[in-house]
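Enquirer: Here the protein sequences come in this chain order: Z and R.
Its first residue numbered 1, the first sequence is counted upward by one per residue in our numbering.
Its first residue numbered 1, the second sequence is counted upward by one per residue in our numbering.
The set of hints was computed from the structure by calculation and includes no laboratory data.
Just so you know, these numbers come straight off a predicted model, no measurement behind them.
Careful: at least some of the hints might be erroneous.
Simulated restraints on C-beta separations [unchecked claim]:
id, chain 1, residue 1, chain 2, residue 2, range
1, R, P387, Z, H62, 35 to 43 Å
2, R, F417, Z, D178, 30 to 38 Å
3, R, K61, Z, S194, 33 to 41 Å
4, Z, G196, R, D538, 34 to 42 Å
5, Z, L191, R, D510, 15 to 23 Å
6, R, L362, Z, D142, 20 to 28 Å
7, Z, R46, R, R264, 34 to 42 Å
8, R, R155, Z, D142, 33 to 41 Å
9, Z, D142, R, Y509, 53 to 61 Å
10, R, K455, Z, D178, 50 to 58 Å
11, Z, D29, R, P326, 51 to 59 Å
12, R, R647, Z, S194, 47 to 55 Å
13, Z, S60, R, P326, 39 to 47 Å
All residues carry an ideal CB built from backbone N, CA and C; glycine is no exception.
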Amino acid sequence: MNVIEAVVNLHREGELARPSLVSALQSLDHARQTGLSGSLTLVLDRSDAITLRLAEEFASKHGCIVQQVEYGDLALSRNHAVEQGDSEFIGFLDGDDLWSANWLTASLAMCRRGGEGTICHPAWNVIFGTKQMLFPQPDQTDRKFSYDGLKVMNYWTALSFASRTVYRTHPYKPNRLDLGFGFEDWAWNLLTISHGCVHRAVPETSHYIRYKESDSLRDQTRDKGCLRTPHDLSQIIADRKRLMAR
Amino acid sequence: MFQIGKVWHRFWNSRSSPAPHPALAKRYGLLFDLEQYRRQFPKVGATAEQAIRHFLKEGIKAGVSPTPLFLVEHYLQQAGTDAAADPLDHFRQVGWRLGLDPHPLFHTASYVAKFGDAIESHGDPLSHYLAVGWKSGWAPHPLVNSEYSASRLPRESRSNSDPVSQVLRGAPSGNKRPHPCFAPKVLQSRLAQLGSPTGPTPLLQLFANWDSPLSPTPLFDCQFYAKAYPESVAHPRGPWGHFVESGQFGDYDPNPYFDSAFYRRRYGSSLGRLAPFMHYMTHEASKQFDPSAEFQAKHYDRAQPQVLKNGGSLLEHFLTSGRYTPVATSASAVPEWLKRQLLDATKIEPAINVQPRQLSELLVYNRHCSNRISLLFRTLQQAIDQPFSVLVLVPFLSRGGADLEAIHLVRWLQQQFSTNEVLLVLTDTDMTKSLDWLPEGTRTIVFSHLAADVKPPERERLVQLLIEEYRPRICHNVNSRAAWQLFAEKGNGLSKLTSLRATIFCFDYDPQMRPVGYAIEHLPRAIEHLDSVNIDNDAFRRTITATLGLTPRNQNKFHTLYSPAKDFGGPVGVEDRWKRLFDPSSVRKVMWAGRLDRQKRPDLLLSIAKQLPEFEFHVFGGVVLGNQQKDPLKDAPENIKRYGEYREFFELPLAEMDAFLYTAAWDGIPNILIDSMQAGLPTVAPEVGGIAELVDEETGWLIADGDDPLAYVKSLRQLFMTPDLARRRVEAAWERLTKQHSWSRFNREVARISGLAIDTPSAEAVSP
């Protein structure tokens, strides 16, 4: 059983996926150089041919696992990776973003120091592409951290690192944009904290997030005026189905 | 209480206190500051005796303070009427021995315990304090600090008197203050929330005795303090009480950006006997001290140079507003290692279009992980204190028809759910003119009272958070702009958490007579997510269906709910009115009431009055403030008699009036027509909106061409020439009101509509 599994979620990124895969591999190599075992898994959800070809070529060259799924939902793709693998820890990377080389190593060290419920985020995100800005990530143990603040504003991106147990115990809930609910990562951050997990900003680590003019999930979430998915969405849906049936 | 630094003592003690006027000193010790009194009453007279006479005759009644640390109103609240003749003398003779305080920030009992017999020679503890006590450094209240107060005064204006009195002179101010935590804006918002007067006395009383779980100042973060110092939660006044009584005098951090340990390490030799926080606040303007490693005063001053120039506090400014912006608090905000890692990343992905040297210039999103909404919502939650089942949202409460509709709805909902289960929220402004119309015990929240400057997007978000957090069964919007905006943008998700409903009135029209307003701007996007929409007349359903092209499903969401006639209204002076109408020699008095704005067509009234010089037109209502329009009746003929704004229709001299004239360019069914018909006034009104559902040839005079003054002239003449007909129509109007605008019908209909909607979810199928 490997200690670390780097999971890259791919959709239809095409050539943009190449630097992301290189970055993931580089971070994994960094961990391997410190004596850690690790693997790289590429999860392709409803991918196009070019992305699939690129992923398969990369996988055959570097010995990665490729999984093709048909969820059409990032949350379910991530959950799939959690269920399929067996490494002790998992780090998620979206198919057009990049990690700093020390990300996996430093996060693992943080998780081991912090204990079972530790969830790692980079200290800084650098947003590049059609928008350029910096996005620092707070540490839940920082005295400035406010849980009330998290209820009205998401602090962290979805590119996290934690033990497989954390992801298995708290699977991502798929967005229901049709019902007016989105922001699955925000909902997950709140849910995990309410169950005792601790979100940490790993010192001296960074992610590089590509900002595109058009992003289907972001655009739909905005256009549909979505709320953050409530923790009891399944109960709400069940109640309404019962009312409809009356 | 605590002692101030020795150096500072020497400076102040090197000056001598001003000699009081002998006549004043004899009677009042140092409690009467003639200079201050003359500042408030310049024509008080030349001598001290004249000032005393003026104080006893006028000053006490006016609640004027003869010295900043003696608040007459505060003292009389404790001493009662016995002291009313001369509160200063009462305090000197009796009050202080009874432990009465002259000011919210002067605690007599503590002062007496400290100085004991030494007080006697000065006559009272406050005189002792003003003469010698302040020089000792002993603070008469934990929320007073002499050294800090002195720092708030320009050096040239510092006199040889107590600096606390000097900063308290005049209106309470965020710059001239006795303690860094005195924040008048926060206190004023809290007083408004409590529905209390907001004068200096209640403001200072609130500050001195603050016991809300919220903080009275941006400098103190209750949640942070409670987490950092768990023992503070057990204090009877919570974390704030702990900080005031002990924390501020030790190395307790009031907020996450003040680090006492850091401060003591770095500036320990400068502290003297001041605790780190008070030392920093006292010397902040020098920019020689940083409150923590990550907040560099010089750096923040460069970013916000106006703060210190305007006499403000850098740290307080940051905690009030800077933390919600990307402004940096230190020069080294972007670490060096990030530059190296970025360089490495660009080697893998050359498309990364950010260069390491640019990093410090980039916008930093959410730099401080702070959002003001979170603070506002916490304040709101504190004010709500218990859950509710129904949320009614109104923009404000003026005295118009829409306000009345909202209040009818609130009353009915309270009857169904209980008073406590209904929360009424004023979302858009702080106008609360018709609070007195609400049933007693109605739970009411005014968003504008949460802070001095709640912005429109924040108001929308607060409504959203109320629904997300409390999940009321019903959320009913009656003209709230914030709610319409929210329903239009996020109605889909919200409709899964509550039953969204609305009451909507007629379209408004712009000067080109194009329809505008919520029905045009928001309803089309919101209607899919609303369970029901109440309207006050049938005609509007037809108009809105045609204008918006509503689907049959959405058309079915509209329900006509006729407004009930007022339960305290009824016929007024009817028998005398008939006598006058049958008397041809009687002067005809036509009543017109309403806002003098474009919709109500005062121009028509003017034209009609000019053509009927034999009639008097009694006009009740004023020009709408803020419209900056000219008075449309400025050149009115003599037969127009004006009375200005009114509070309630049934308080007007209705018995003296013979008929009611209504003019409007557009409308629903205006409540004022229901009022006038209820009062037994023969009524003339135009056929616009839903008016024909109330006024017709059986119940009054309906003007088919509402733009034609001659048609009104003709009808008014007919009305007065045929008093029998007028009487029959008034009686028919009462019957119409009984059938259509009775409370029993209203209750029946609103129950039908609500019952239907409560059990019916939004129509689209929900699949897991």
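Enquirer: For each hint, tell me whether it holds in the structure or not.
Expert: Hint-by-hint comparison with the structure:
1. R:P387 with Z:H62: 35 to 43 Å: For H62 of chain Z against P387 of chain R, whose Cβ atoms are near 56 Å apart, the range 35 to 43 Å is violated.
2. R:F417 with Z:D178: 30 to 38 Å: holds (32 Å)
3. R:K61 with Z:S194: 33 to 41 Å: violated (59 Å)
4. Z:G196 with R:D538: 34 to 42 Å: 58 Å Cβ-Cβ, so the 34 to 42 Å window is violated.
5. Z:L191 with R:D510: 15 to 23 Å: For D510 of chain R against L191 of chain Z, whose Cβ atoms are near 48 Å apart, the range 15 to 23 Å is violated.
6. R:L362 with Z:D142: 20 to 28 Å: holds (22 Å)
7. Z:R46 with R:R264: 34 to 42 Å: Hint violated: Cβ distance 60 Å, outside 34 to 42 Å.
8. R:R155 with Z:D142: 33 to 41 Å: holds (40 Å)
9. Z:D142 with R:Y509: 53 to 61 Å: Holds: the Cβ-Cβ distance is about 55 Å, inside 53 to 61 Å.
10. R:K455 with Z:D178: 50 to 58 Å: Taking Cβ atoms as reference, K455 of chain R and D178 of chain Z lie about 31 Å apart, which means the hint is violated.
11. Z:D29 with R:P326: 51 to 59 Å: violated (35 Å)
12. R:R647 with Z:S194: 47 to 55 Å: Given about 51 Å between the Cβ atoms, the range holds.
13. Z:S60 with R:P326: 39 to 47 Å: With a Cβ separation near 45 Å, S60 of chain Z and P326 of chain R satisfy 39 to 47 Å, so the hint holds.
When held up to the earlier numbered hints, the structure conflicts with 1, 3, 4, 5, 7, 10, 11 and fits the remainder.
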